[in-house]
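2 protein chains.
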Amino acid sequence: MALQIKAMYLSYVVHVLGVVGAVMVLVWNIHFRGGLAWESSNKNLIFNVHPVLMLIGLIIMGGEAIISYKALPFKKAEKKLIHLILHGIALILGIIGIYMAFKNHNESGIANLYSLHSWLGIGIISLYGIQWVYGFLVFFYPGGSGDLRRDSLPWHALFGMFVYILAVANSALGFLEKLTFMENSGTDKYGTEAFLVNFTAIVAILYGTFVILTALSRSPEEDHHSYSAI
Amino acid sequence: MALQIKAMYLSYVVHVLGVVGAVMVLVWNIHFRGGLAWESSNKNLIFNVHPVLMLIGLIIMGGEAIISYKALPFKKAEKKLIHLILHGIALILGIIGIYMAFKNHNESGIANLYSLHSWLGIGIISLYGIQWVYGFLVFFYPGGSGDLRRDSLPWHALFGMFVYILAVANSALGFLEKLTFMENSGTDKYGTEAFLVNFTAIVAILYGTFVILTALSRSPEEDHHSYSAI
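Chains A and B, in that order, give the protein sequences. The opening position of the first sequence corresponds to residue 14 in the numbering used here, with each subsequent residue numbered one higher. The opening position of the second sequence corresponds to residue 14 in the numbering used here, with each subsequent residue numbered one higher.
These aren't lab readings, by the way, just hints derived from the structure by calculation. Treat the hints with care, since some could be wrong.
[To be verified] 27 Å max Cα-Cα, derived BS3-like pairs, lysine-lysine:
{"no.": "1", "chain 1": "A", "residue 1": "K19", "chain 2": "A", "residue 2": "K93"}
{"no.": "2", "chain 1": "B", "residue 1": "K88", "chain 2": "B", "residue 2": "K191"}
{"no.": "3", "chain 1": "B", "residue 1": "K116", "chain 2": "B", "residue 2": "K56"}
{"no.": "4", "chain 1": "A", "residue 1": "K191", "chain 2": "A", "residue 2": "K202"}
{"no.": "5", "chain 1": "A", "residue 1": "K19", "chain 2": "A", "residue 2": "K88"}
{"no.": "6", "chain 1": "B", "residue 1": "K19", "chain 2": "A", "residue 2": "K202"}
{"no.": "7", "chain 1": "B", "residue 1": "K88", "chain 2": "B", "residue 2": "K19"}
{"no.": "8", "chain 1": "A", "residue 1": "K202", "chain 2": "B", "residue 2": "K191"}
{"no.": "9", "chain 1": "B", "residue 1": "K202", "chain 2": "B", "residue 2": "K56"}
{"no.": "10", "chain 1": "B", "residue 1": "K19", "chain 2": "B", "residue 2": "K89"}
{"no.": "11", "chain 1": "A", "residue 1": "K202", "chain 2": "B", "residue 2": "K116"}
{"no.": "12", "chain 1": "A", "residue 1": "K116", "chain 2": "A", "residue 2": "K19"}
{"no.": "13", "chain 1": "A", "residue 1": "K88", "chain 2": "A", "residue 2": "K202"}
{"no.": "14", "chain 1": "A", "residue 1": "K191", "chain 2": "B", "residue 2": "K202"}
{"no.": "15", "chain 1": "B", "residue 1": "K191", "chain 2": "B", "residue 2": "K202"}
{"no.": "16", "chain 1": "A", "residue 1": "K191", "chain 2": "B", "residue 2": "K116"}
{"no.": "17", "chain 1": "A", "residue 1": "K191", "chain 2": "B", "residue 2": "K191"}
{"no.": "18", "chain 1": "A", "residue 1": "K116", "chain 2": "A", "residue 2": "K56"}
{"no.": "19", "chain 1": "A", "residue 1": "K89", "chain 2": "A", "residue 2": "K19"}
{"no.": "20", "chain 1": "A", "residue 1": "K191", "chain 2": "A", "residue 2": "K116"}
{"no.": "21", "chain 1": "B", "residue 1": "K191", "chain 2": "A", "residue 2": "K116"}
{"no.": "22", "chain 1": "B", "residue 1": "K19", "chain 2": "B", "residue 2": "K116"}
{"no.": "23", "chain 1": "B", "residue 1": "K202", "chain 2": "A", "residue 2": "K116"}
{"no.": "24", "chain 1": "B", "residue 1": "K93", "chain 2": "A", "residue 2": "K56"}
{"no.": "25", "chain 1": "B", "residue 1": "K92", "chain 2": "B", "residue 2": "K191"}
{"no.": "26", "chain 1": "A", "residue 1": "K191", "chain 2": "A", "residue 2": "K56"}
{"no.": "27", "chain 1": "B", "residue 1": "K93", "chain 2": "B", "residue 2": "K19"}
{"no.": "28", "chain 1": "A", "residue 1": "K202", "chain 2": "B", "residue 2": "K56"}
With the rest of the complex left out, here is chain A (with noise of 0.2 Å):
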């Protein structure tokens, strides 16, 4: 299907909520949590780089490259190549971020892999590659065939919006996983950064909701001709 509103228009929202979202985790994380490193005494310093690379690699990176083919007026070769590259970049903001969670635990002598939102990220993470390095093969280099081009790609789009979403949702998670341990903590239910942490967790809903609707909209082709790819 795709909704009768121009794609271009919604992807203005995207780019939008995206800033939005990437300044807010940056705010809670460099002025509330005390800063990123990749070495530190300070470990939580270590952690804090997992929500940023997790929500502008996967989640920002992530939603602008699904939205790439609706949202560019370049020709259809090289869309395919900005939502190839874009995507391999959030993929590899995506690796660096959880390895900065297993890097925080195992320094800090915290549980690995128990909570929901671990093993759903190790799902999800992993089902990002194989879907990337799928359509790689069958729509890059080498390339399937015809029928396998055209049988594959409403799975490819299907699928992607699939583990998107799951992504998403994901990320809410992780806010309210680490907000419940901060507030266990002594951090104030109701004080500015919690409503800071929620309120991102929003913006990044609010996203993902944008990057789904842009997807399903009519791209700058379909509003002369009615082609869609699902």
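Fit chain B to the known structure of chain A by using the hints.
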């Protein structure tokens, strides 16, 4: 769009996952958490009604309501009535479930409405109610004009799926939040109960996934002519 899968087959997966999820949430709250109660000096038993009604009501009944058009071999008018009634039951059970969380909080002196789960929950139940009332007025009684119905239908389906995906995601937030509280109070992070809660959340996510897939798939009518709700 309509995926080229028969909705009927997918709907069997939905029914099975629904039964599994219902059994799991009941075993968790009755066997592990001590049971369910409307009134009790043990306020935990009041809380336990919350996850049971939200999962069996809002998520499972709501999911069956969504797929009723695709999964049932009845006439359209009959399926519309089933869709309306199942969503009505889901909504009422959801409202009672939310009331039980407030009742537990108020009788135990726990703060209300500070967590992301609670904020999203209030938003979701409100949107679910608005969607139900709009559907009732436009599609059932008194019924909108032909134009209004035709223009509303794709948005009704899309908005319904959006609210439903939010509800499933919020159930995962709820399972994670409750389990995190329990683990902070000594529940084994790798114990049987923790695994049961996490796997119940995963069954809920799988259930929601198959509900959406069924909604996007070919209904029995579409096997004969090419009609699609969205």
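Comparing the hints with the structure gives:
A threshold of 27 Å between alpha carbons decides the hint, and for K19 of chain A with K93 of chain A the separation of about 20 Å falls inside it, so the pair holds. A hinted pair counts as satisfied when its Cα atoms are at most 27 Å apart, and K88 of chain B with K191 of chain B does not qualify at roughly 42 Å. Between the alpha carbons of K116 of chain B and K56 of chain B the distance comes to roughly 9 Å, so the proposed pair stays at or under 27 Å and holds. Restraint check for K191 of chain A and K202 of chain A: the C-alpha separation of about 13 Å stays at or below 27 Å, so the hint holds.
With a C-alpha separation of about 18 Å, the suggested pair K19 of chain A and K88 of chain A falls inside the 27 Å cut-off, and the hint holds. Between the alpha carbons of K19 of chain B and K202 of chain A the distance comes to roughly 48 Å, so the proposed pair goes past 27 Å and is violated. Taking the CA atoms of K88 of chain B and K19 of chain B, the gap is about 18 Å. The hint holds against a cut of 27 Å. Proposed proximity of K202 of chain A and K191 of chain B is supported: the alpha carbons are some 16 Å apart, at most 27 Å.
About 24 Å separates the Cα atoms of K202 of chain B and K56 of chain B, which keeps this hinted pair within 27 Å; it holds. Under the criterion of a C-alpha separation no larger than 27 Å, the hint pairing K19 of chain B with K89 of chain B is consistent with the structure, at around 18 Å. For the hint pairing K202 of chain A with K116 of chain B, the CA-to-CA distance comes to about 19 Å; that is within 27 Å, so the pair holds. With a C-alpha separation of about 44 Å, the suggested pair K116 of chain A and K19 of chain A falls outside the 27 Å cut-off, and the hint is violated.
Restraint check for K88 of chain A and K202 of chain A: the C-alpha separation of about 50 Å exceeds 27 Å, so the hint is violated. Only pairs whose Cα atoms come within 27 Å are accepted, and K191 of chain A paired with K202 of chain B is accepted, the gap being roughly 16 Å. The hinted pair formed by K191 of chain B and K202 of chain B meets the criterion: a straight-line CA distance of about 13 Å does not exceed 27 Å. Annotation: proposed proximity of K191 of chain A to K116 of chain B holds, straight-line Cα distance about 26 Å (limit 27 Å).
Straight-line distance between C-alpha atoms of K191 of chain A and K191 of chain B comes to about 13 Å, which keeps the hinted pair within the 27 Å bound. Of the pairs offered as hints, the one joining K116 of chain A and K56 of chain A holds, with about 9 Å between alpha carbons and a cut-off of 27 Å not exceeded. The straight-line distance between the Cα atoms of K89 of chain A and K19 of chain A is roughly 18 Å, inside the 27 Å bound, and the hint therefore holds. Straight-line distance between C-alpha atoms of K191 of chain A and K116 of chain A comes to about 16 Å, which keeps the hinted pair within the 27 Å bound.
About 26 Å separates the Cα atoms of K191 of chain B and K116 of chain A, which keeps this hinted pair within 27 Å; it holds. Proximity of K19 of chain B to K116 of chain B is assessed by CA-CA distance (about 44 Å); at most 27 Å being required, the pair is judged violated. For a cut-off of 27 Å, the pair hint linking K202 of chain B to K116 of chain A stands: about 19 Å separates their Cα positions. Taking the CA atoms of K93 of chain B and K56 of chain A, the gap is near 56 Å; set against the 27 Å cutoff, the hint is violated.
Proposed proximity of K92 of chain B and K191 of chain B is contradicted: the alpha carbons are some 37 Å apart, above 27 Å. A C-alpha spacing of about 15 Å is found between K191 of chain A and K56 of chain A, which places the hinted pair at or below 27 Å, so the restraint holds. Taking the CA atoms of K93 of chain B and K19 of chain B, the gap is about 20 Å. The hint holds against a cut of 27 Å. This hinted pair checks out: K202 of chain A and K56 of chain B have alpha carbons roughly 22 Å apart, not beyond 27 Å.
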